[in-house]
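J.: Residue numbers (my numbering), protein chains in the order written: chain A, 9 to 328; chain B, 1284 to 1731.
Hints should not be assumed to be uniformly reliable.
Cβ pair distances, simulated, as ranges [as the list claims (entries may be wrong)]:
id, chain 1, residue 1, chain 2, residue 2, range
1, A, 102, B, 1639, 23 to 29 Å
2, B, 1393, A, 82, 23 to 29 Å
3, B, 1537, A, 270, 39 to 45 Å
4, B, 1450, A, 102, 28 to 34 Å
5, A, 137, B, 1469, 41 to 47 Å
6, A, 51, B, 1470, 51 to 57 Å
7, B, 1536, A, 244, 19 to 25 Å
8, B, 1582, A, 269, 43 to 49 Å
I should point out that these hints are in silico values taken from the structure, not numbers from a laboratory. Just so it is clear, CB atoms sit at the ideal spot from N, CA and C, and this is done for glycine as well.
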Amino acid sequence: MTAKTDTPRMQESTGQSLGGRLFKKLSQGGTKVIVWILVVIWLIPTLGLFISSFRTEAEIKTTGWWTWFTDPSFTLDNYDFVLFGTGAGAPGMGDALLNSLAIVIPATIIPIAIAAFAAYAFAWMDFPGRQWLFILLVSLLAVPIQMSLIPLLQLYVGGAHIGLFGLDLTIFPDLDLQGTSFSAWATHTGFGMPLAVFLLTNYMSTLPRDVIESARIDGGDHFTIFWKLIVPLSVPALAAFAIFQFLWTWNDYLIAVTFVGTAENVAPVTVVLANVTGSRGQDWHILTAAAFVTMILPLTVFFSLQRYFVSGLLAGSTKG
Amino acid sequence: MGAVISTLIGVILTVLGFFALFFTLNRVLDLARTQWSLFTGALGLFFGLLVGAFLNGNGPGGGLFTIIAGGVVGAAVGAGLGQLRDLPATRRAEIADKVRPWVFVGPALFAVSITLIIPVIRTAVLALKDRGSENWVGLDNFKWIFTNDDLFNVSGVGDIFTSRLFIVGVIGIIVGLVLARVRGREIGVRADFENPSTLGWIGIGLTGVLFAMFTVLSGVIWNNLWWVFSVTIFATGLGLFVAAVTNRMERGEKVAKAIIFLPMAISMVGASVIWRFVYNFQPPGETQIGALNAVLDVFGRDPIPWLIRLPWNTFFLIIVMIWIQAGFAMVILSSAIKAVPGDQLEAARVDGATDRDIFWRVTIPNIRSTIAVVVTTLIVVVMKVYDIVKVMTNGEFDTNVIANEMFDQAFRFTQAGRGAALATVLLLFITPIMYINIRRVQEEAALR
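Only chain B is shown next, with the shape it has when bound in the complex:
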């Protein structure tokens, strides 16, 4: 308890000190209008302290004395210069107005520079150096990533044609395309791709083909892409479904939503423990205490070691993330659905459209941009998945992902270069999303 109380006091002091500093900086700026030489003196004090601290760390040393001496000298020089060269009042006010915004944004920019901007640049540089960050190695670390069989392996690609999922997927796509053509002819266009059943068939088909691809390709990179693809598709789909249905429920909407949303509050480490229990495996013949194997037991099937059996164990880990993120998608999409203009829905109803048609032809087009937001957010979140893999399998049994490999390379095997290169690959995968986000903010700024 003592630790928490001292932390609390520390936090309060830090925040108060921070506010005091901020307040002082603002008041010092006000001095520029009224008492010019005091202002220049304060500026001198600031730079003097910085120089003192620098000298303390490099060369002379001398601790607090050096720092304070630096401050005093700086203040004296500043005040003297201010006395020597005064400026007209309007010019001084102008200076104060120009500097003030930087007092407001300065602390945030400082925090972001230290923790994000400088490290990102440095990591990109480290990715081009060797394990001790001493010699330049060009793109060798990236070459290592894409030639290492554990990381990037395409040798199984031939197996895709014998995969049942692949065949089912191809059939799905063909059925979807034929349907689109037929429906299109009915309403007089070449192909109707806005039809729910057309889209459904093509979607299922594509998912099947991609899943077949991910089951035959192995390696950390492919696993990561499988994660991103599956969570995005299933969490968005489930979230959309639950949002659409619960929004029309008279009773139980809140309860249903709260339960679907609940995993968002749980840490991924906690969620991993929860699901390890669900996937628990005991040898055949013994009592199964994991829920899934108990269900298999009821049907007289042998238990399955879910987390070990290739290649689907990766997908069983992915389910944990879907379980967490579906609630996120649901909440965002639900509010978007509720914001669909009532007169459009009404007009569609008057025209005799069914609920299904209204959903696909009015609601969905209206919430398209929100769906895009959910999808991009999920891609960003899932791309850097780490905790679940770390806790559930520690990346073994071919379930490893980029972030876990990055952590191991950088901090366990002291391969700074390889770790940095893996992080950079993550960043490169995210770059298109960053571009989309920036465009969206620019559009909004233009509207404002």
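Next comes chain A alone, as it looks inside the complex:
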């Protein structure tokens, strides 16, 4: 606000020499040039993949993708093959896209619903152990998910049993959940919970106190206030977490490969892409198109909703 009016005065008052100013200009220009070089370096890998995905197998294998600029060519065969191709070696990305959606949609919506209730309680209700429980959730933010993999897989495969007084008691039946999308989105629901509760609690506790208190005085119970007042006011935070969770679950590989596995009818895009990299690591016409197929949706979401994503990122990390 003040910068605009002060800049000219400043230059007068410091009275830099011509050489000094020239040096300043140059060094400022220098850093900008470095930034643009970085930007180009950052873009090149993705650009190379993108261009290659539209070139034929023979072209990719005999010339570098940069020759495309002087000798352009275009084919959609690679995409056709990775999405809809059948027979040996076809990755079946079309099915994988649907499998991914079957994991990602529940894994995004369900945690938001659960976390919103909890966040309201942490922000606006008083109960013993509130602080303590919130701190427990915050500390879980950093726990590596590797700590959960073995017991969770045992739970999904064999259920949960305890031996008490010589009896084997079943607490959770063996539902044979490994290899189902349920196992993935149920896991994501739990793993996303600490961040969701944390983000939403921080957001909800900044809502104006008088609005909520006057609603209480008017006889509104907690459930009505939550539903009619808090949820509509929290839409930005809910959206921010939704995008976060969407990108995280769509891009996840570890949970998918551990619990869902590689079977054709359930494997999501990341698992299929990793498999193709393992089995056809030099077939770049397939790899490039397959990799790009996995990126289309997240990139679209990312660029169209970047504002929410960034605000979620800021809320999630600048606060803890």
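Following the hints, position chain B against chain A.
T.: Relative to the frame of chain A, chain B by itself:
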């Protein structure tokens, strides 16, 4: 398509059912005020259903019938007890108020307990047991980690003194210390460590020494630490640099930031494919289709098999993570820089400070806590790196990391104990960060 539609319907039903349950629970609590025996009856129903489900799973069986019978009996007992023993209205309202928060936090606590709290405790226990989780073995699994040459190897430590990087690093540190002393004398203190050039020399020197250390030490644990150290330093540094410069650009700020930020949207598996293409290696003499080897080709150099050549191949994998995380650091730091109070910057300018001085002596001290947040977040993220290593080298050529070794031990070699111990090591590395996070939240709660 059918699968997605049925999933969507399933999700909608699940969410609706969940909301209905939540709504019902709240209404049942309201009953405690008005119709006490209905409330106790509902409570009885709930516990009856639980007991029925338990009996169905253990012993009698009987399926749905047992569960429903349990519910009916429970409801009858509950309602009867409610009739027998009524409470004054104020006491009932008190009970409803006390229970209600738990209806709100209950589902979240349940989800977290099942997927995180109980498994974490169980993994810590499994780490003390053998491969079949049958016998206690004490700390044997941890002993295995730190005595296995593939995991933790310090035999190369003597080579560090002949490493060029090490020598350069030591010189850097010495120059930095001398500079600090000289500058300090100029402004009348013992040593000036807040000076950009002092810090720069010491930083470069330390990085050199640590890199020299990581190149001579081998094993999964050291690789992991190399990852954490490099990504944290370079992603934060690059992010800070780009944020500081683009914030002052009149044009192109948005484009530049979006491109640096773009890898954040890509899965690590996708990023690994992208970079495998960049690192592609063809035998000398053939056309290089990988960008890096093509550049070497232009300069008449032989192509390098980037992912195989020790010890730097680990660092070439690390670059992928830096490429992803620099955008994260940039976004967070950029908003912090923009929030630096304008009057401080102005005051510094009036005093005749240069842009460089303003950056190092006003901006940096102001965003110190944000830098700490970025660094801790990156440490947590990078410590458990898995996808990149798995897809690019599968941990071969001495590039393995803890998470990949953990997965192999636990799920490929059915060594549950060793896998659990490796996961526990990850957790132990993270513990200081958890402590810092908790402290920060407590401070914020105190401010609120």
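J.: With reference to the structure, classify each hint as holding or not holding.
T.: Hints and how they fare:
The hinted range of 23 to 29 Å is not satisfied by residue 102 (chain A) and residue 1639 (chain B), whose Cβ atoms lie roughly 54 Å apart. Checked against the hint of 23 to 29 Å, the C-beta distance between residue 1393 (chain B) and residue 82 (chain A) comes to roughly 53 Å, which is inconsistent with it. A beta carbon spacing of about 40 Å between residue 1537 (chain B) and residue 270 (chain A) agrees with the range 39 to 45 Å that was offered as a hint. Restraint check, residue 1450 (chain B) to residue 102 (chain A): a C-beta distance of roughly 56 Å breaks the suggested window 28 to 34 Å.
Between residue 137 (chain A) and residue 1469 (chain B) the Cβ separation comes to about 56 Å, which falls outside the hinted range of 41 to 47 Å. Distance hint check for residue 51 (chain A) and residue 1470 (chain B): the Cβ-Cβ separation is about 43 Å, which falls outside the suggested range of 51 to 57 Å. In this structure the hint that residue 1536 (chain B) and residue 244 (chain A) lie 19 to 25 Å apart at CB holds, the actual value being about 23 Å. For the hinted restraint 43 to 49 Å between residue 1582 (chain B) and residue 269 (chain A), the CB-CB distance of approximately 46 Å keeps it satisfied.
The structure is inconsistent with the numbered hints 1, 2, 4, 5, 6, although it conforms to all the rest.
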